[in-house]
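Asks: Sequence:
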Amino acid sequence: PHFPVIIDEADDTIDSFPRALALGYSGTSHKNCKNTFKSVANLARVQQERDSGWLAMLSAEDLTNIGVVALQQDLVALSSLGITHAERNGHHYFRGLAHLSAKTQNAACAVLPELYTNHESLPRLQIQHGQIDVAALHGVAGLGMPVWPDLEKCQSLNELKSALTAFQAL
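The sequence shown begins at -18 in my numbering and counts up one residue at a time.
Think of the hints as simulated: they come from the structure by calculation, not from any bench. Glycine is no exception: its CB is placed at the ideal position from the N, C-alpha and C atoms. Mixed in with the good hints there might be a few duds.
[Stated by the list, open to error] Ranges between beta-carbon positions, derived for each pair:
#	residue 1	residue 2	range
1	Thr146	Asp32	44 to 52 Å
2	Pro(-15)	Gly120	32 to 40 Å
3	Trp35	Ala150	43 to 51 Å
4	Glu(-10)	Ser137	28 to 36 Å
5	Ala116	Ala25	19 to 27 Å
6	Asp(-7)	Glu133	31 to 39 Å
7	Leu145	Ile108	16 to 24 Å
8	His66	Thr45	17 to 25 Å
9	Gly120	Ala51	14 to 22 Å
10	Gly63	Lys142	19 to 27 Å
Take the sequences, apply the hints, and build the full model.
Replies: Now the structure itself:
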């Protein structure tokens, strides 16, 4: 059997994906940090390749996107690109929405109950049967941002690093 192989970190320029296809690779991955507009161009190339009979794909990964801003914007981008699968595990490395103020945590759960749930007194990403419901994010101005974080009350970067170190030690 043959398995499709994609480029990932090697997709660093606008011409990386076409060069990889020419070498026999099957796809690339979308990451908001790599440029969403490049992903739109890559999606068009995937469709062009599929139309010509080649098994081409656009996958996704963003390992440390956490709520509320980066995660929600990434989920909207994935959904808009038609990507239905993604490697996502930032929710394993960070304690839900603990980095945000209680006010922002409560607002996220109230406004986006499909996306966030209060689990063991800590609001976190709601994953059911390996899936995240993103329907509520569509049509919301600001790429899925009906709730903006209370930035003055967020954990500092040093506090977040300390919490991450403590969590990883468990």
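Asks: If a hint holds in the structure, say so; if it does not, say that too.
Replies: Status of each hint after checking the structure:
{"no.": "1", "hint": "Thr146 to Asp32: 44 to 52 Å", "in the structure": "49 Å, holds"}
{"no.": "2", "hint": "Pro(-15) to Gly120: 32 to 40 Å", "in the structure": "33 Å, holds"}
{"no.": "3", "hint": "Trp35 to Ala150: 43 to 51 Å", "in the structure": "46 Å, holds"}
{"no.": "4", "hint": "Glu(-10) to Ser137: 28 to 36 Å", "in the structure": "29 Å, holds"}
{"no.": "5", "hint": "Ala116 to Ala25: 19 to 27 Å", "in the structure": "25 Å, holds"}
{"no.": "6", "hint": "Asp(-7) to Glu133: 31 to 39 Å", "in the structure": "36 Å, holds"}
{"no.": "7", "hint": "Leu145 to Ile108: 16 to 24 Å", "in the structure": "20 Å, holds"}
{"no.": "8", "hint": "His66 to Thr45: 17 to 25 Å", "in the structure": "18 Å, holds"}
{"no.": "9", "hint": "Gly120 to Ala51: 14 to 22 Å", "in the structure": "20 Å, holds"}
{"no.": "10", "hint": "Gly63 to Lys142: 19 to 27 Å", "in the structure": "36 Å, violated"}
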